[in-house]
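Participant: Okay, here's what each chain looks like letter by letter:
Protein chains: 2
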Amino acid sequence: MLLIDGTPHGTVPADDRGLNYGDGLFETCAVRDGRPLLWERHLERLHRGCRHLRIPPPLAATLDEEVRGLCRNHQQAVLKVLLTRGSGGRGYRPPARVEPLRVLSVHPWPEQVAERACHGIRMRRCTTPSSANPALARIKHTSRLENVLARAEWAADDPVEGLMLNLDGEVVEGTASNVFMVEGDMLYTPSLERGGVAGIVRELLLETAADAGIPVAVTALPLARLKQASEVFVCNSVAGIWPVVWCDGTDLAVGPVTRRLQGLLGAKDALAYVPEC
Amino acid sequence: MLLIDGTPHGTVPADDRGLNYGDGLFETCAVRDGRPLLWERHLERLHRGCRHLRIPPPLAATLDEEVRGLCRNHQQAVLKVLLTRGSGGRGYRPPARVEPLRVLSVHPWPEQVAERACHGIRMRRCTTPSSANPALARIKHTSRLENVLARAEWAADDPVEGLMLNLDGEVVEGTASNVFMVEGDMLYTPSLERGGVAGIVRELLLETAADAGIPVAVTALPLARLKQASEVFVCNSVAGIWPVVWCDGTDLAVGPVTRRLQGLLGAKDALAYVPEC
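As they're listed, the protein sequences go chains P and F. Residue numbers for the first sequence follow this note's numbering, so the first one is 2 and each next one is one higher. Residue numbers for the second sequence follow this note's numbering, so the first one is 2 and each next one is one higher.
So that you can see chain P by itself, here it is in the shape it has in the complex (with noise of 0.2 Å):
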């Protein structure tokens, strides 16, 4: 189900800028029982692109009528929404005046993620590095090349994971997902100063740490500190929070602490799925 610029058999200029130069943002929602979850954080983070990019967002009432519409009969998938720059301008530089071009689509829910989140996953190291740039960090925008790239470095489902390391050897994210680890009694996770996505169940689980009294730091992560970890998890919108089990080589528990914030989230309404335990 799609619908482009609110058309169901819109179709895609092949000079939109989102195609030629990935300059686009976009979200991925999980929807539940005919709603997408976290709806509200999505929106603020597509304003938030769309503020830094300088693209105008989408009407409110529109953008809501139609997910709406798009997510109403499904009881359980997941939502994309992408938003480019549209047509126009001279090479790189912007037309004076955008119009934005907007694709919401819906898809099957992935298989295994419920299962996932109970027993956890398997995350290898990948060699395709992860950019430094301040400019693009935590924007969800549409230049992922090299989150393709790391993706591509091994073809098989499992490990389902692979890990992505700036040029200093930290830990940045997963190809499409958040990581933490529990070290002591404290949570941490990569800063996102130069590189990687910021997450809306990152952003969600750093809030719900601390008011849970769970101290959480924002950090360089080597991964050697990473693989000496108590606790390993990644998480997205899809996903929640799935505990990884093997890291580059090295055999990890699922903790405590990773329990908890699934339970969290669980109440928290940000999960599609029940985890199968």
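The hints are simulated quantities; they were obtained by calculation from the structure and are not laboratory data. Just so you know, these numbers come straight off a predicted model, no measurement behind them. Watch out, some of these pointers could steer you wrong.
Unchecked claim - Label pairs and their calculated CB-CB ranges:
id, chain 1, residue 1, chain 2, residue 2, range
1, F, Asp159, P, Pro57, 22 to 32 Å
2, F, Pro109, P, Asp34, 14 to 24 Å
3, P, Ala213, F, Gly11, 48 to 58 Å
4, P, Ala221, F, Ala97, 35 to 45 Å
5, P, Met2, F, Ala97, 19 to 29 Å
6, F, His48, P, Gly267, 43 to 53 Å
7, P, Gly267, F, Pro109, 52 to 62 Å
8, P, Gly89, F, Arg123, 50 to 60 Å
9, F, Ala218, P, Leu60, 47 to 57 Å
10, F, Asp186, P, Leu168, 28 to 38 Å
11, F, Glu204, P, Met187, 47 to 57 Å
12, P, Arg123, F, Asp159, 53 to 63 Å
13, P, Ala211, F, Ala157, 38 to 48 Å
14, F, Glu100, P, Leu168, 56 to 66 Å
Note that beta-carbon positions come from the ideal geometry of N, C-alpha and C, so glycine has one too.
Go by the hints and put chain F onto chain P.
Facilitator: Same frame as chain P, but now just chain F:
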């Protein structure tokens, strides 16, 4: 004029990976008297990019025929070849069998190219950094949001170009060009090990200069050094060579090495215009 997978009225699927992830490559060529200049070199770079990204290149005969057909009636124009990884896959993960999307288009020759080749251009300094990532460096891929953001820093036609620096303050490239400078009797251009596009004219100039007995160094170039150079110029496939007469507040003269290299490019059939002096 446009051909999408060989069809004049083709469309771009909304799930194309170029649109969604910047998962593609492109070439921009100058067209003169019905044929694309330096076409063999562009084709070779496209193939290099395809190998690097593991996108199957188009059949040479097909592409050749399409390019020739499109360019045939154009005395002076710009040809763009865009190749994406097509549709499919799961998120960032490419499909097992890639069916690329191919978009060929011809655009009007831009104004003032010949005039700028003679009188030079002004080049400002961009604050948007050039990303450091050896896995993406040199490739003319479509994940170019940083170039868009750099060019979006100013709206006017003049300055014509913007200089992008890496996080160490070294010159990487112009937003849409490569950068050279002359110091003493040597020609210098930034190393592209960590970022920037390996331009066709840049590559041709490195060979041409060496053949002409002009010593060349590919090295790290701090901005301060560029501004003290005796000559600075930028190059790309449409511009050929444009002397830089003002760089981030510093006036520069058009010098003899720049003029000599312009002449040599002309003699190598690399220019679609005669410089207007």
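Participant: Each hint: holds or not?
Facilitator: Hint check results:
1. Asp159/F - Pro57/P: 22 to 32 Å: holds (26 Å)
2. Pro109/F - Asp34/P: 14 to 24 Å: Violated, at about 52 Å.
3. Ala213/P - Gly11/F: 48 to 58 Å: holds (53 Å)
4. Ala221/P - Ala97/F: 35 to 45 Å: Given range 35 to 45 Å: holds, Cβ gap about 37 Å.
5. Met2/P - Ala97/F: 19 to 29 Å: holds (25 Å)
6. His48/F - Gly267/P: 43 to 53 Å: holds (50 Å)
7. Gly267/P - Pro109/F: 52 to 62 Å: holds (57 Å)
8. Gly89/P - Arg123/F: 50 to 60 Å: Violated - the Cβ-Cβ distance for Gly89/P and Arg123/F, about 24 Å, lies outside 50 to 60 Å.
9. Ala218/F - Leu60/P: 47 to 57 Å: For Ala218/F and Leu60/P the Cβ distance comes to about 54 Å; the hint holds.
10. Asp186/F - Leu168/P: 28 to 38 Å: 35 Å Cβ-Cβ, so the 28 to 38 Å window holds.
11. Glu204/F - Met187/P: 47 to 57 Å: For Met187/P against Glu204/F, whose Cβ atoms are near 51 Å apart, the range 47 to 57 Å holds.
12. Arg123/P - Asp159/F: 53 to 63 Å: holds (55 Å)
13. Ala211/P - Ala157/F: 38 to 48 Å: Holds, at about 46 Å.
14. Glu100/F - Leu168/P: 56 to 66 Å: violated (34 Å)
Comparing the model with each earlier hint shows violations of hints 2, 8, 14; every other hint is respected.
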